[in-house]
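Participant: Take a look at the letters that make up each chain.
There are 2 protein chains.
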Amino acid sequence: MMEVALGIDIGGTNTVFGCIDSEGNCLVSGSIPTQQHDDINKYLDDLFELVDVKLKEYGGVLNIIGVGIGAPNASYYTGTIENAPNLKWKGSVPLVELIKQRLDVPVIITNDANAAAMGEKVFGAAKDMNNFMVITLGTGLGSGIVVNGDLLYGHDGFAGEVGHMIVRKSGRECGCGRKGCLETYVSATGVKRSVYKLLARHLGDSELRDIPFSELTAKMVAEAAGRGDLVAHETFSYTAQMLGEVLANVVAVTSPKAIFLFGGLAKAGDILFEPVRETLEKNLMPIYKGKIQVLPSGIKDNAAVLGAAALIWNKK
Amino acid sequence: MMEVALGIDIGGTNTVFGCIDSEGNCLVSGSIPTQQHDDINKYLDDLFELVDVKLKEYGGVLNIIGVGIGAPNASYYTGTIENAPNLKWKGSVPLVELIKQRLDVPVIITNDANAAAMGEKVFGAAKDMNNFMVITLGTGLGSGIVVNGDLLYGHDGFAGEVGHMIVRKSGRECGCGRKGCLETYVSATGVKRSVYKLLARHLGDSELRDIPFSELTAKMVAEAAGRGDLVAHETFSYTAQMLGEVLANVVAVTSPKAIFLFGGLAKAGDILFEPVRETLEKNLMPIYKGKIQVLPSGIKDNAAVLGAAALIWNKK
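So the protein lines, in turn, are chains D and Z. Under the UniProt record's numbering, the first residue of the first sequence carries the number 1, and numbering increases by one thereafter. Under the UniProt record's numbering, the first residue of the second sequence carries the number 1, and numbering increases by one thereafter.
With the rest of the complex left out, here is chain D (with noise of 0.2 Å):
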């Protein structure tokens, strides 16, 4: 029998999963959709029954040693998802104990940004870091930070919020009631939002005054930028500026060998990391300065299952 450790990413919209071997290989995968089932169970038994079948598929030669969860609002010390926003089950589900009735092996649950940093401390570009911290770009901000060679969870579970640092008072509403957090301005949704406010401060002519807010995405935004457009162009720009600035505070609390920057938005490259390198260095205390590398994450593909299966796997 051979050792893996099973990954599970639950999206929204689906679930992923891979069995990953200590090398980072994914040996089987699939997916099922995870808003099929109003009961937990019943999700549960489609995903499991499909991990069997992929399994007997490989030849039965796979030995589960543990699995590694990726969720939204998922909370590493009770083991549970709690009031997740975009899930269908409500109230606390006790994901871990539920697994644990299914396959008797060690169960880790984190939010998708902690799985990401453990992703990249075991199979990515971090294998030699005990200190970084991984920002992840989506529709929101995440962090996972790693120090001592481990996760940064706190007293209850939720350390790691870098996205919802309040960086403008009064500013931008957010989905978690305040006002001002950085996520706001630094995510796809935070670009989209600054994309408006600079089409309304300015007369200059743009592309995008042709794309209503509800059909433009970051991406759209970044092939804008890359074909010279001013306004898309200026709004990476002052992303990055915000997103540097606030690094430059985190690095003064935890002062990480690196930062690497992941998901959907750090696809548009130089046009981000450049102005996020140049504002952090400018912004950084002097004992600080010029040892704090910005990176790009070192996992190719699966990224999410990986980073899940990497729970597991880092503590073996």
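Any given hint could be a false lead.
A pair counts as met if it fits within one copy or between any two copies, since identical chains are not told apart.
[To be verified] Result set (DSSO-like, lysine-lysine): computed pairs, CA atoms no more than 27 Å apart in a straight line:
{"id": "1", "residue 1": "Lys-169", "residue 2": "Lys-257"}
{"id": "2", "residue 1": "Lys-179", "residue 2": "Lys-257"}
{"id": "3", "residue 1": "Lys-169", "residue 2": "Lys-291"}
{"id": "4", "residue 1": "Lys-90", "residue 2": "Lys-54"}
{"id": "5", "residue 1": "Lys-179", "residue 2": "Lys-289"}
Calculated directly from the structure, the hints in this document are not laboratory data.
Put chain Z on the given structure of chain D with help from the hints.
Facilitator: Just chain Z now, kept in the frame of chain D:
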């Protein structure tokens, strides 16, 4: 023989030491001037000669199992003091190595805020906490952060510089060479600066108008506030609000169970603590609300020496 840790607090004026047992009792203590010798070896000769004298006076029954040191600009990883602006010894001073040559036991050095945090954990009010933070409010603002039961050092040993988070872009000049750092507002010096800013802005009576900048102390401001002086009172509100806002952002990074306020300014009591608590709570992300305590230190006397000794006892 009875086991003790030798705790040493190196201040700009005096170096204080104490032999601390595992319960936090200070069995022998003493102090020497810090700046009498340009040669670090002569300073250490004086220091250890006095330690020997005190040990003999106590009957020669104490066995030093380790030396913990709190010092400005101390690097935990390298065991050195690096370019401390307030000390005579310039460049990189290999203090741990020099002490090990005299005493063959574990020697740990760190900055005074980290020592204070460890003192709180081993002997103070954080005995049952694995995730908390100590803010030292003296001439500057220091911070010692404990996560997963250990001090947060970061990749280079310099994590925990909350006093140098930038809170006002283009704000007050800071000794670090930048502008708008938290400690230019929240510290004994910051309080003085705020008094003069308010005196410049407002016309109302204040007893503080009769005191020159160079003579004013934060203690005088606290006492004036106690007597109902409005400028003094507003100064403390302003200071506490700024601290509360920043702490809400730091909580989003490390999620501590408690935040201890420590040092001279913390002696102001409720006039500082109450508005800090109120502003922190108001600015916290919903998931953290009602969970985080703002507390005074649980250590009454010899805090600096106890903190230094705690570096050793924590490792036992």
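Participant: Against this structure, judge whether each hint is valid.
Facilitator: Structure-based check of all given hints:
Taking the shortest alpha-carbon separations for Lys-169 and Lys-257, only the inter-copy value of 25 Å comes in at or below 27 Å, while the best intra-copy value is 30 Å. In the homo-oligomer, the alpha carbons of Lys-179 and Lys-257 lie at most 27 Å apart only across protomers (24 Å), although the nearest pairing inside one protomer, at 31 Å, exceeds that limit. In this assembly of identical chains, Lys-169 and Lys-291 lie within 27 Å of each other by CA distance solely across copies; the values are 23 Å between and 30 Å within a copy. In this assembly of identical chains, the alpha carbons of Lys-90 and Lys-54 never lie at most 27 Å apart, being 30 Å within a copy and 65 Å across copies at closest.
Proximity of Lys-179 to Lys-289 under the C-alpha cut-off of 27 Å is restricted to the inter-copy arrangement: shortest distance 16 Å between copies versus 31 Å within a copy.
Violated hints amount to a single one, hint 4; each of the other numbered hints is respected by the structure.
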